[in-house]
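Engineer: One letter stands for each residue in the lines below.
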Amino acid sequence: MKSMSRIFAILQKEVRQLRRDRLTFGMVVGLPILQMLLFGYAINTDVRNLKTAIADQANSHLSRQFVAELAQTQVIDIVATADSPQQLETLLREGAISIGVHIPRDFDRRTVDRTRAASHLLVDGSDPTILGVANQLRSMPFGFDAVKGTQAVHRAIEVRPYYNPERRTPVNIVPGLMGVILTMTMILFTAVAIVRERERGNLELLINTPVSSAELMIGKVVPYILIGMLQIALILGVGLLLFDVPVRGSVIDLYLAAFAFIAANLALGLFISTAARTQFQAMQMTVFILLPSILLSGFMFPFEGMPRIAQWLGEALPNTHFIRLTRGIMLREASIGDLYRDLAYLLGFAVAAMTGAALRFTKRLD
Amino acid sequence: MNGAFAIEARGLTKRFGDLVAVSQLDLDVPRGEIYGFLGPNGSGKSTTIRMLCGLLMPSDGNALVLDTEVPGDARRLKPRIGYMTQKFSLFGDMTVSENLQFIAEIYSYPRRERAARIQELLERYDLLGQRKQLAGTMSGGQKQRLALACAVLHRPELLLLDEPTSAVDPQSRRDFWAALFRLAESGTTILVSTHYMDEAERCHRLAILDHGVKVADGTPSELQASTGMHVVEVVASDPYHAQGAISKIPEVASVTQLGVRLRVLIPEAHDDPTGVVDRALRAAGLDAEASLSSATLEDVFVAVTLQPRRRDAA
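First to last, the sequence lines map onto chains A and B. Residues in the first sequence are numbered from 9 upward in steps of one, following the numbering used here. Residues in the second sequence are numbered from 1446 upward in steps of one, following the numbering used here.
These aren't lab readings, by the way, just hints derived from the structure by calculation. Here the structure is a predicted model, which means the values were calculated and not measured. Among the hints, a few may not be true.
Quick list of in silico lysine-lysine cross-link-like pairs, DSS-like style, CA-CA up to 30 Å [claimed, not checked]:
#, chain 1, residue 1, chain 2, residue 2
1, B, 1532, A, 371
2, B, 1532, B, 1577
3, B, 1532, A, 10
4, A, 371, A, 10
5, B, 1693, A, 10
Construct the complete structure from the given sequences, taking the supplied hints into account.
Structural biologist: What follows is the structure, given as C-alpha cells:
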C-alpha cells in the first residue's frame, strides 16, 4: 500500500516535470512525425529518372529507335550525349551521370548476333541501388522491327511480390521505422532520467527517503510507456493518412507487441542511466544502441544477407524482434501467436534489463 | 530502549582511494541537542554526515544512529531522519506546494493530515506567498527554508544539515537558526555542519574537524577554557608590521589579524605572554598595546588546527 503510493508519487512527479519540459514534450510528438515525413518521402528504392548520357556511335535508324525505347521506360533520363565511351567514363567519374549507354558502330549487325551484346551500359556501381536498377534494364525485351527473334524471348521466372504488390517503399519502411523511432525516443527518455537527477542533486535527496530502488524505477518507467503508446498511434496515423500503409492484422496484437518493445527499451534506458555519469554520456550510449538498431535489425538491409556475427548482434537488439512483429502483423496479417518467439524475447529482455537496472542502482553515493 | 545519544560513532573512517577523508572519528551526539561540525572545506564534514545517514559506506568503524546500526539498517532509519543536502536538491521545475506534496507522499505522511501539515510548514517557514512559485526561481533564503520544511515534514527524530547556511544572507541565517532552536526545543536532535564561527557558537556542543580528524569537541565554553593557549590581544596602528614582529617570537604559535587588532596565541606553559609580545613590539619600534584576553571560538579553532610542530613550540 505504502509502496503503491510511493510509486504513484514518483509517477506524478515525472508527469509534472515532463509537462513543463517543452523540449522533451515536443520530442514526444514532433520527433515521430518529422521522422515519418523524412524517411517516408526520402527513402525510395523504386528508382526512376537516373541521369544518363548516350554515346551513339552507330547513329542508325535502329539505334535511334533503341534509345527512344530506353527513354520510354522512365528509368533513365537522358541529360547528355557523348562521342566516345571514354567521354562517358569521364562523366561517370565526375558524378554528372549514373548510367552511360554506349552504342558501338556495328550496333545493327550486333543485334542479330546472339554471341555478342548489342550495346554496353556503363553503370555507377558505387551505389548498389543504381546497379540493381541497371540490371533490370538488361532483362528488358526490346522489340526491334529488324529482328523479330528477340520478341520470342520469354521469362523463365515471374516474380510476384506478396503483401506489397505495387512495391511501394513506405509499406516496407513504416513498420520498421516505428521501431527505430521508438528505440530513439524511449531509450533516450529514460537514459537521461536518473542521470539528470544525479546532476541536479535531486538524487541525493531521493535516496535519503524511504523510496526503494524498484519503486523509483517503476515510477519512472510507467509514464513513458503511455507516451510510447501515443507515439505508436501517431506513427500509424501518419502512415495511413500520408503513405497509405495498412494494418492488415489485429491492432490489439500490434499494441501488445508495442507494449513489450516499449518496456524493453525503457528498461534498457534505465540500465544506461545507472551506468552513465553525465547526461552527455547517456546520450552517447543511446546512439551506440541506436545505430545497430537501424543497421543490423533488418530495417535497412536484409537480415539474411548479414554475416553470422552481425546476425547474432542483431538478434540481441529489441528492434530486430519488433520489426519482425510489426512487418508480420501489419503486412502479412500474422497474429501475435504466430510470432510468439519474438514477443517472448522482448518481454524477457524488459524483465532482465529492469532487474539489472534496479540491482545496479544502489541507494548510496559511493 | 532509547539511549542518551542520538548518534554514537566509533572509529568511523572513510577512504577514497589514497585519500583519507575521515579518520578514526568518535562521536557522541546527545539527544535533543544541536551539535555542530566546525571545519574548513574538505575537512570531512559532508563525508561524515553522508556516512551517518547511510549514503556512504564507511571504510572502517561503525555508527549507531537512533539505536540503529548504520549502514546495515539504513533502510529502516530513513523514515526517522531528515537530511538537508549542501546543494539545493529539491525539484526546481515544481512549485513549492508540489515539492512539499511530493515529500509528504514519499514519506507516507498520513493522507488526511497532509494538507494541514503542509499549510503549517508554509506558515512557519514564511513560504505562503511562494506556494505556487517554481522552486528553481526562488532566492537562496527561500530555497533554504523550503529545503528545511521538506526535511522536517515527516517529523524526524534526527535532522542532519550539511552546511545549510552557506548560500544565504545574514538575516536569513539568523531566522534559520531561530527555526533550529524551535526544533531542538521540541525534542529533535540536530547535527549541523558549518564553517561560520558565530554559528558554531550557537550550538550546544560541537566537534572541530581538520583534515578528516576530530581535533576537539565539547561545549563552546569548555572548548574556550581548554585551548592550552594564552590569548594576547594587540591593538596596533600598523598591524601589518606588528604581525611581522610578533611572528618572529619563537614562543608564538599563531598571529591572526582582525582589523586593527591582532590575536596572538602563546602556549599556556609560558609565564609572561604579554611581556614577551610587548618587548618584541618595542624592539621593532612599533606603537602598540598588548593585553591578555579570553579565548573566542575562533581562537580555539586556530589553536586546535595548528600544525603539531607549532603547537609544541616553546
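Engineer: The structure should be examined with respect to each hint, and the outcome stated for every one.
Structural biologist: Here is how each hint holds up against the structure:
A distance of roughly 18 Å separates the Cα atoms of residue 1532/B and residue 371/A; the hinted pair therefore holds under the 30 Å criterion. For the suggested pair residue 1532/B and residue 1577/B, the alpha carbons sit about 22 Å apart, so the restraint of at most 30 Å is met. Using a Cα cut-off of 30 Å, the hinted pair residue 1532/B and residue 10/A holds, with the two alpha carbons roughly 29 Å apart. Taken as a hint, the residue 371/A and residue 10/A pair is honoured in the structure, with Cα atoms around 19 Å apart against an allowance of 30 Å.
Between residue 1693/B and residue 10/A the alpha-carbon distance is near 67 Å, which puts this suggested pair outside the 30 Å criterion.
In the structure shown, a violation is registered for the earlier hint numbered 5 alone.
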